[in-house]
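Q: The lines below spell out each chain.
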Amino acid sequence: METPVAVENLTMAYGETVVMRDLSFCVSPGEIFVIVGGSGCGKSTLMRHLIGLQSPKAGTVKLLGESLNEASPEKINALLRRVGVMYQGGALWSSMTLLENVMLPLEEYTDLSAKERRELARYKLSLVGLAGTEDYYPSEISGGMIKRASLARALALDPEILFFDEPGAGLDPLSAKRLDDLTKSIRDSLGTAIVIVTHELDSIFAVADRAIFLDIATKTAGAIGKPRELLENPPNAAVYEFLTRAGSKK
Amino acid sequence: MAGSRDITATILPSAVDPASCELRVCLAGTWTLADGLGDLSAIESAAKSVPAQKRIDRLTFSCDELGEGDSSLICLIVKMATWARERNVKFDVAALPERVLKLYDLATTGTRYVAAEREERSAGIFYKIGRWAENSAGDFFKALDFLGETFVATGRFFRGKARMRWRDCLYFIQDAGLEALPIITLISFITGVILAFIGAMQLQRFGATIYVANGIALAMVREMGVVMAGVIMCGRTGAAYAAQIGSMQASEEISALRVLGVSPVEYLVLPRLLALSLMLPLLTIYADAIGIAGGLFVTGTMGITVDQFWTQVMATLNVRHLASGLIKSVFFGWLVAWSGCYRGMRAGKSALDVGSAATSAAVLGMVLLCIADGIFAVVYNALNF
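Respectively, the protein sequence lines represent chains F and X.
The C-terminal residue of the first sequence carries number 250 in the working numbering, and the numbering is unbroken.
The C-terminal residue of the second sequence carries number 1385 in the working numbering, and the numbering is unbroken.
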């Protein structure tokens, strides 16, 4: 099996303003990998690089063994079909019901009949705990449900990698925890590699196998490793401060 | 790539109860979505072969040769579970591989939400008519409500009490005035050209081409100038007002104003109403002039000199004609801005609602503009204005 995500010496920039430089890491199959850092450090930008929405200033991003810099647009489309993304605001299409939202990727990429698509989409919604909500429009459901529906849509095509952008943002602690549990269940049962962008410490310690810490001061990766080990053995002050300050409130 | 999946269902005598039997489903091979979702035909045909006096009391699995399976497999198992539940058959998942079992648990446990209540599509025609009438009446009263609010705000404005930012007002004046000139120029000029051609076609038969000038001057100043300017502003500015206020509604900016004790009608609606009511008369005068110039351009090609044209125009127009257009323009400007703001303030909270607010603002503005123009025509006629 190909490595889901491999990043080598990645430098990200907006114009001449460098956001982060020399990032290198790999995400293994079935691993939950978390991108951590303070606000404005480039977490979301990094995710946009990983899913090919932005091109690197330097270095390479490989998705499922294919370099995004070199692949043709058709190749990239084929790659992205094997990737699911849950966006920060859910990004559900507001003119469609939840069921139709989940059905759309199936319609584009599979040969299933309308009845089968409906059935499969219904199953995906029940997988994220939204059984019975098929006919709701996104404007009629709560924030936590929107995240789940967005996850169901990301899962529609049985992706090999899932990307979550700030899954806990805007959720109450209990809903956020449930989403974390769901994340783990999905990894355990589907074996999907999951890349999460977040700054919620609870979430980091609850789900992450490994984390990369983006240091806004040095514009490099402050540390990569298991969150517990980073907490016990912080490699530098910035990581220590980030992991303990918010953590000490508990 | 298609998998090599296989499903067989067999009836076995029950180990527990001799009066009943067991349905054993044997899953094998690789299950991929490329082969479709799979159906219950195997189970159903096996269920039919059960002897009459016996019943199936449990459904079990045998998965010794089961390989990889994606959603198509779990989806089928979930479907079987529903099938079993409906027939009161015990669904024994013990033999399923752990990976599949986890997904099955995830899909079948957890909250079941109450399905959304949707209006029945097959509801009777009277129901639909009643529904429509109820909604329309509701809309009408909401519009009256908003109309009242705008009047109150305007009253406060004239007493110098309205909380409004003049900078906003100046910005809207610039946007609805200066920045609207290019499109007004284009449309008015073309309107003048078209009027000239239509007039000339008829008048040439009598050798009275020179009177085209009178016709254009009168038509532009009394009617076409103000209506065309109003329609353009409706599409250009009225719809924009609805979108601006609608998106503020969506992002709760309007609630924030309300909580601050600032009336959104004074703060957001008033400057727009003022700006457009002030600017549409100016745009109308400009449109009149450009439209007449368009007529001049056409009649010039028909052998009429600028002097002749100008003499005819001045002989036709008087202050009354000019005033009749300008009075209308103030009202039209107010109506266009009002419909834009009204639709914006009543917009829903989703991104989609902002779009429909803009569309309906343009439609409402034009409808109101036409109705108002009709009323003005009748009143002017009655007053001999």
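Hint data in this document are derived by calculation from the structure and do not stem from the laboratory.
Misleading hints may appear alongside valid ones.
[Stated by the list, open to error] Pairs of lysine-lysine, DSS-like flavour, derived with a Cα cap of 30 Å:
id	chain 1	residue 1	chain 2	residue 2
1	F	115	X	1079
2	X	1102	X	1079
3	X	1142	X	1128
4	F	177	X	1102
5	F	184	X	1142
[Claimed, not checked] One-sided and incomplete, this derived list gives chain F residues near chain X with beta-carbon spacing under 10 Å:
id	residue
6	130
7	131
8	138
9	231
10	239
11	240
From a predicted model like this one, the values you see are computed outputs, not experimental measurements.
Each residue gets a CB set at the ideal place from its N, CA and C atoms; glycine is no exception.
Q: Now tell me, hint by hint, if it's right for this structure.
A: Tested hints:
no.: 1; hint: F:115 to X:1079; verdict: 13 Å, holds
no.: 2; hint: X:1102 to X:1079; verdict: 16 Å, holds
no.: 3; hint: X:1142 to X:1128; verdict: 21 Å, holds
no.: 4; hint: F:177 to X:1102; verdict: 19 Å, holds
no.: 5; hint: F:184 to X:1142; verdict: 49 Å, violated
no.: 6; hint: 130; verdict: 7 Å, holds
no.: 7; hint: 131; verdict: 5 Å, holds
no.: 8; hint: 138; verdict: 7 Å, holds
no.: 9; hint: 231; verdict: 29 Å, violated
no.: 10; hint: 239; verdict: 34 Å, violated
no.: 11; hint: 240; verdict: 37 Å, violated
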